[in-house]
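A.B. asks: Please build the complex by placing chains B, C and D on the supplied structure of chain A, with the hints as guidance.
These protein sequences, in sequence, are chains A, B, C and D. For the first sequence, position 151 (counting from the first letter as 1) is numbered 183 according to my numbering, and the numbering increases by one without interruption. For the second sequence, position 108 (counting from the first letter as 1) is numbered 140 according to my numbering, and the numbering increases by one without interruption. For the third sequence, position 195 (counting from the first letter as 1) is numbered 227 according to my numbering, and the numbering increases by one without interruption. For the fourth sequence, position 181 (counting from the first letter as 1) is numbered 213 according to my numbering, and the numbering increases by one without interruption.
Worth double-checking, as some hints may not be accurate.
[As the list claims (entries may be wrong)] Label pairs and their in silico Cβ distance ranges:
| # | chain 1 | residue 1 | chain 2 | residue 2 | range |
| --- | --- | --- | --- | --- | --- |
| 1 | A | 182 | D | 240 | 49 to 55 Å |
| 2 | A | 208 | D | 259 | 21 to 27 Å |
| 3 | A | 237 | B | 49 | 54 to 60 Å |
| 4 | D | 163 | A | 37 | 33 to 39 Å |
| 5 | A | 182 | D | 174 | 48 to 54 Å |
| 6 | D | 318 | B | 117 | 35 to 41 Å |
| 7 | D | 145 | A | 182 | 55 to 61 Å |
| 8 | B | 90 | A | 211 | 49 to 55 Å |
| 9 | C | 318 | B | 49 | 55 to 61 Å |
Read the hints as simulated data drawn from the structure, not as lab findings. Don't be surprised by glycine CBs; every beta carbon is placed ideally from N, CA and C.
4 protein chains.
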Amino acid sequence: MGDVHSAILLICAPDKEGLVYTITEFIYRHHGNILHAEQHIDETRNSFFMRIEWDLSNFTIPDDEILSELEPTRLSLNMDLKLYIRSHRPRTAIFVSRTDHCLVDLLYKWKNGDLPMQIVAVFSNHESTKSLADTFQLPFYYMPVFKESKAQVEQAQLAILSQLQVDFIILARYMQVLSPEFILRYPSRIINVHHSFLPAFSGAKPYEQAFSRGVKLVGSTAHYVTDVLDDGPIIGQQVMPVSHQDSLSEFIAKGQDLEKHVLSYAVKKHIERKILVFANKTVVFD
Amino acid sequence: MGDVHSAILLICAPDKEGLVYTITEFIYRHHGNILHAEQHIDETRNSFFMRIEWDLSNFTIPDDEILSELEPTRLSLNMDLKLYIRSHRPRTAIFVSRTDHCLVDLLYKWKNGDLPMQIVAVFSNHESTKSLADTFQLPFYYMPVFKESKAQVEQAQLAILSQLQVDFIILARYMQVLSPEFILRYPSRIINVHHSFLPAFSGAKPYEQAFSRGVKLVGSTAHYVTDVLDDGPIIGQQVMPVSHQDSLSEFIAKGQDLEKHVLSYAVKKHIERKILVFANKTVVFD
Amino acid sequence: MGDVHSAILLICAPDKEGLVYTITEFIYRHHGNILHAEQHIDETRNSFFMRIEWDLSNFTIPDDEILSELEPTRLSLNMDLKLYIRSHRPRTAIFVSRTDHCLVDLLYKWKNGDLPMQIVAVFSNHESTKSLADTFQLPFYYMPVFKESKAQVEQAQLAILSQLQVDFIILARYMQVLSPEFILRYPSRIINVHHSFLPAFSGAKPYEQAFSRGVKLVGSTAHYVTDVLDDGPIIGQQVMPVSHQDSLSEFIAKGQDLEKHVLSYAVKKHIERKILVFANKTVVFD
Amino acid sequence: MGDVHSAILLICAPDKEGLVYTITEFIYRHHGNILHAEQHIDETRNSFFMRIEWDLSNFTIPDDEILSELEPTRLSLNMDLKLYIRSHRPRTAIFVSRTDHCLVDLLYKWKNGDLPMQIVAVFSNHESTKSLADTFQLPFYYMPVFKESKAQVEQAQLAILSQLQVDFIILARYMQVLSPEFILRYPSRIINVHHSFLPAFSGAKPYEQAFSRGVKLVGSTAHYVTDVLDDGPIIGQQVMPVSHQDSLSEFIAKGQDLEKHVLSYAVKKHIERKILVFANKTVVFD
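Chain A with its partners taken away, still in its complex shape:
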């Protein structure tokens, strides 16, 4: 699929007769061949969601004019439209603190071609993952965060992210809470992994909370970051059985395999443009 020259269109709109027809007619008229089309209607809100991908090989509109050609349709149907060209791999920066299992997993999956994106930087408030970034020849920004310097550090981070033209950010166990100002710059474009089955055990030390409550399943959640802590739209969740035999350190060891799995799942869905956000929930197409 990596080599196909294709366009992906994400659509949110009030539901209305003829929506699918209008879009498919546009693609057909300009000689695009549909590769995937998925739609969803949220009946409680009368909202329409669609992801449609088509082959651009014989498409008669140049890539950079597709959106303007669609503009009249967008206006008439009151659509929210996003267009992506598949060959433009999204640019990401990974933020990490000391715990490196998610970073390792992302880097190797990326190297193996399972995550078609461009990693342009690794940011950390600790130096411990520098050698890993070096191994993968990635720029590493060591930026320690203290209470008094936090705002200043975030400004510096944002400046670099902007300069690197980063499309989205992955928090791979980054243990600093980002400010609302920072988050506002990347709405639905910061993916975090929280080490619990949200909304259970939000906030600090979720494994300790889970262990203390005596749950029988340990969980992990990937979600977009919003300005309410651990409350953003959930992208994926997974659990694994635990028992009285498992010490806190075994809760953590089991959970870390989940974190890796759930985070790379969410990143993959994001870069395949399969996620739509509405009402603090997600539509995640298969």
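C.D. replies: Positioned in the frame of chain A, the structure of chains B, C and D alone reads:
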């Protein structure tokens, strides 16, 4: 959803530009509002699959003329088309032997409205489930099967099924192997549950086989019946952990919860017309 | 296993050298053959837990003198001891409201011999499950509950439970909150199923809460009832994937299969005397 | 746990009254404090299995004399005994071919302290993982295998393994079939991961087989290697849902996360001495 007057169209065709457009244009032109549309392209075979459901409230073609109106399109695009009207609940007969947990589960889910179908008969080669059929006021056909009478019994069953205008058959732990002649009458319309993770442990006594092999997961598979035993297109599969602590009878007890779950899942997908069969596999839409 | 004449001893004690030895020596000296022995040490509390089951065929102490023979040991080691004779099937009463899927599941598993207990009564605040109780020839107590009569109804229920010598109570989707006074009479002996992955979505309408939060897994939890709502020791939990495609009613349908599974799992563990409670958690032996 | 000076005893024996007593009396008499004790009786074979771990801090027998002190007991009860001192971390060699995800996962879990073993060498028939071994400062043996040289290569491998005093071998996606002579040297001490839910899809190209069969769950199995290909005692198995949407490459990507998880689970159980083998099955204690 039960009250919406809607049509469901299942399409298989060689992939070609304009397929989605052609269908959606047809629906739009006749004032249908699309409720669901899912498509899948099997790239290895260049095959196109689609399920599309639309509201018939304002549709300008009478239900019984839709197919003939679509005929020219069908011919030109070489489509395999099936049309269903949602309010026509499919008619089913359940076949069962002695073990009744799947039958019980189906009957109660049906009673609760979770399985929108018409159960028109229960067939069994044992009398033990008669009282259950009685409780639900269902005709019960007790037809014991012996080697020498098998062909004759099947003829009698087929006659009744035909008279009852049965659309599809559920084998809810029916322990008789149906003849190829019988199966041919209901292609992709007989759903069986096999108590293993197929293709492991096909044939007789799958729990005994699994126990003896020392597997760590017990499984269950729902599939359409073909004339090769336990080899038909798989609709759904599920597993549950087992350990050395589990005796054979515990393998069975755990597996039976899976059987119920997997069979009712498959039946629900079938009656929602969400399954397409090709190359001995299934497309099962969400 | 049902026919073995065996004793089960559950032990909680402060951890100390020689505990296992002392118990196994006692059994060996009196010619018991150990069938199962499982122990657990909670290191954070220095607590010792054990379940040991032995064959009584050649045991030299009569069943009803075992505890008194163990008394000196119990005192010297500061043990909390519970003794059960396997052939004495525990007596249970099932409480249910309108939703009957858990009740159906329990009754059929019980009939099939998978739940070796005596069901002595079904209590409900609605009349709808009476015919089901009748089918299984079980006494049915229809006791509607209103705010002003609640205390009085509970007194009546407790009187019947006492008269019926009920050992433990199953809340199979009983939608009334029991008073602390009621619960105090059956400590760690009332099993409830809550239709969420606790501690997420405790309280009312958990499916609605889960749907609204946009979780990607729907869950179910069986736990012992304590006087804090939905906060008692967790016995078992299970989850199933859901997606944006699932309406609230599909959340419920999927969740109900989990509820059945998790509740019958917990009941089975309870009647096999495999659960020990401490610090608001459970030890659940395999 | 890593710092506790403890002994682990694994016992297989014909079941007999007094087995547990005899062992616990021995430990108690010599002032050992039991940390864990788990036993299992296989009733179909009348076999007794036990794992018992005790603190050696105050134990009155030196580590290297424990087995000889137990010798009379062993003889009288016809036991198969294995003794391990926890602080003696087992020595392992990892075999790998080109696909490196399992190797990466093992190395990082090992580095993080989750797998308390000594990795003393990495063997490969390809050079591609050399730099990874270098990063972790591990000796790397590049030994290409061809039909005519296979016996010779195995002799060289065995010589090195012997010299390095390797206790067990991990096949982390090593795509060569070992000879029966090689396997005989490490009975129940070679752990392999097979990328399917065995016994389904044994042999070559399991993902291709699974994809072609149209299964709805992709699986992975860790097992001890015996001289029948993919037929050894199963240690762990896990599955993940797949659908018609998943291409073969997505089957592989999903399965690889399972492989990592299942293999590291099996390795951890092995080094914690929690696995007993009998009748081509395993007892895996929690």
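A.B. asks: Hints first: check each against the structure and report whether it holds.
C.D. replies: Going down the list of hints, with the structure as the test:
For residue 182/A paired with residue 240/D, a C-beta distance near 52 Å keeps the hint of 49 to 55 Å intact. Against the hinted window of 21 to 27 Å, the Cβ-Cβ separation of residue 208/A and residue 259/D comes to about 54 Å, which falls outside the hint. A hinted range of 54 to 60 Å for the beta carbons of residue 237/A and residue 49/B is consistent with their spacing of about 55 Å. For residue 163/D and residue 37/A, the Cβ-Cβ distance of about 34 Å falls inside the hinted range of 33 to 39 Å, so the restraint holds.
Taken as a hint, the range 48 to 54 Å holds for the pair residue 182/A and residue 174/D, whose Cβ atoms sit roughly 49 Å apart. Residue 318/D and residue 117/B have their C-beta atoms about 54 Å apart, which leaves the hinted 35 to 41 Å range violated. For the pair residue 145/D and residue 182/A, the supplied restraint of 55 to 61 Å is violated, since their beta-carbon distance comes to about 31 Å. Our hint of 49 to 55 Å for residue 90/B and residue 211/A holds, since their Cβ atoms are close to 51 Å apart.
Our hint of 55 to 61 Å for residue 318/C and residue 49/B holds, since their Cβ atoms are close to 58 Å apart.
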